[in-house]
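With our numbering as the guide, the letters of the sequence shown map in order to residues 15 to 112.
One thing to keep in mind: the hints can contain errors.
[What the hints assert, rightly or not] Result set (BS3-like, lysine-lysine): computed pairs, CA atoms no more than 27 Å apart in a straight line:
#: 1; residue 1: Lys16; residue 2: Lys90
#: 2; residue 1: Lys33; residue 2: Lys90
#: 3; residue 1: Lys16; residue 2: Lys101
#: 4; residue 1: Lys101; residue 2: Lys82
[As the list claims (entries may be wrong)] Computed Cβ-Cβ distance ranges for the label pairs, DEER-style:
#: 5; residue 1: Phe21; residue 2: Val62; range: 17 to 25 Å
#: 6; residue 1: Lys67; residue 2: Cys25; range: 17 to 25 Å
#: 7; residue 1: Asp61; residue 2: Gly107; range: 20 to 28 Å
#: 8; residue 1: Trp89; residue 2: Asn52; range: 34 to 42 Å
#: 9; residue 1: Gln56; residue 2: Asp87; range: 34 to 42 Å
#: 10; residue 1: Gln100; residue 2: Phe21; range: 37 to 45 Å
#: 11; residue 1: Asp110; residue 2: His48; range: 23 to 31 Å
These are calculated hints, taken from the structure and not from any lab test. As the structure is a prediction and not an experimental result, all values here were calculated from the model. Heads up, the beta-carbon is just placed ideally off N, CA and C, and yes, glycines get one too.
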Amino acid sequence: MKNVVLFFSSCIPFDECEKRIPSLLDYYFKQFEHALVNHQPQLDPNDVVQSWKPLYCIAWADFQRFVKGWSPDHWKINPYTESLTQKALLQLGVPDRA
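Build out the structure end to end from the sequences listed, making use of the hints.
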């Protein structure tokens, strides 16, 4: 998922992320399922996809952590990435800091 996050962060303007990324993630996971069926038939593609989907916001939170440490005022730190970081923290059981 880190590669997906890095790709999205490099090519999608952040003011378009909320609108565009859900359909791009749907497409990514459909293609991923197809690849699993063809190349890893012993795996249940639905199980793999369902376990990977929550990792999207965690991967983005990890990227956000890096960017904030490297350049706290970087343009890649924005409301979209902050909301994903909060979602990841909640998934991990960390109380909301807002």
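Status of the hints after comparison with the structure:
Among the hinted pairs, lysine 16 with lysine 90 is consistent with the structure: their alpha-carbon atoms are about 15 Å apart, no more than 27 Å. Using a Cα cut-off of 27 Å, the hinted pair lysine 33 and lysine 90 holds, with the two alpha carbons roughly 17 Å apart. For the hint linking lysine 16 to lysine 101, the alpha-carbon distance of about 16 Å falls within 27 Å, and the restraint holds. Straight-line distance between C-alpha atoms of lysine 101 and lysine 82 comes to about 17 Å, which keeps the hinted pair within the 27 Å bound.
A hinted range of 17 to 25 Å for the beta carbons of phenylalanine 21 and valine 62 is consistent with their spacing of about 20 Å. Separation of lysine 67 from cysteine 25 is about 21 Å and conforms to the stated range, judged on CB atoms against 17 to 25 Å. Distance hint for aspartate 61 and glycine 107: a CB-CB separation of about 23 Å, consistent with the stated range 20 to 28 Å. The beta-carbon spacing between tryptophan 89 and asparagine 52, approximately 39 Å, falls within the hinted interval of 34 to 42 Å.
Evaluation of the 34 to 42 Å hint for glutamine 56 and aspartate 87 yields a failure: the beta carbon distance comes to about 48 Å. One distance hint, 37 to 45 Å for the beta-carbon pair glutamine 100 and phenylalanine 21, is violated here, with the actual separation near 22 Å. Between aspartate 110 and histidine 48 the Cβ separation comes to about 37 Å, which falls outside the hinted range of 23 to 31 Å.
Hints 9, 10, 11, counting from the list given before, are not met by this structure.
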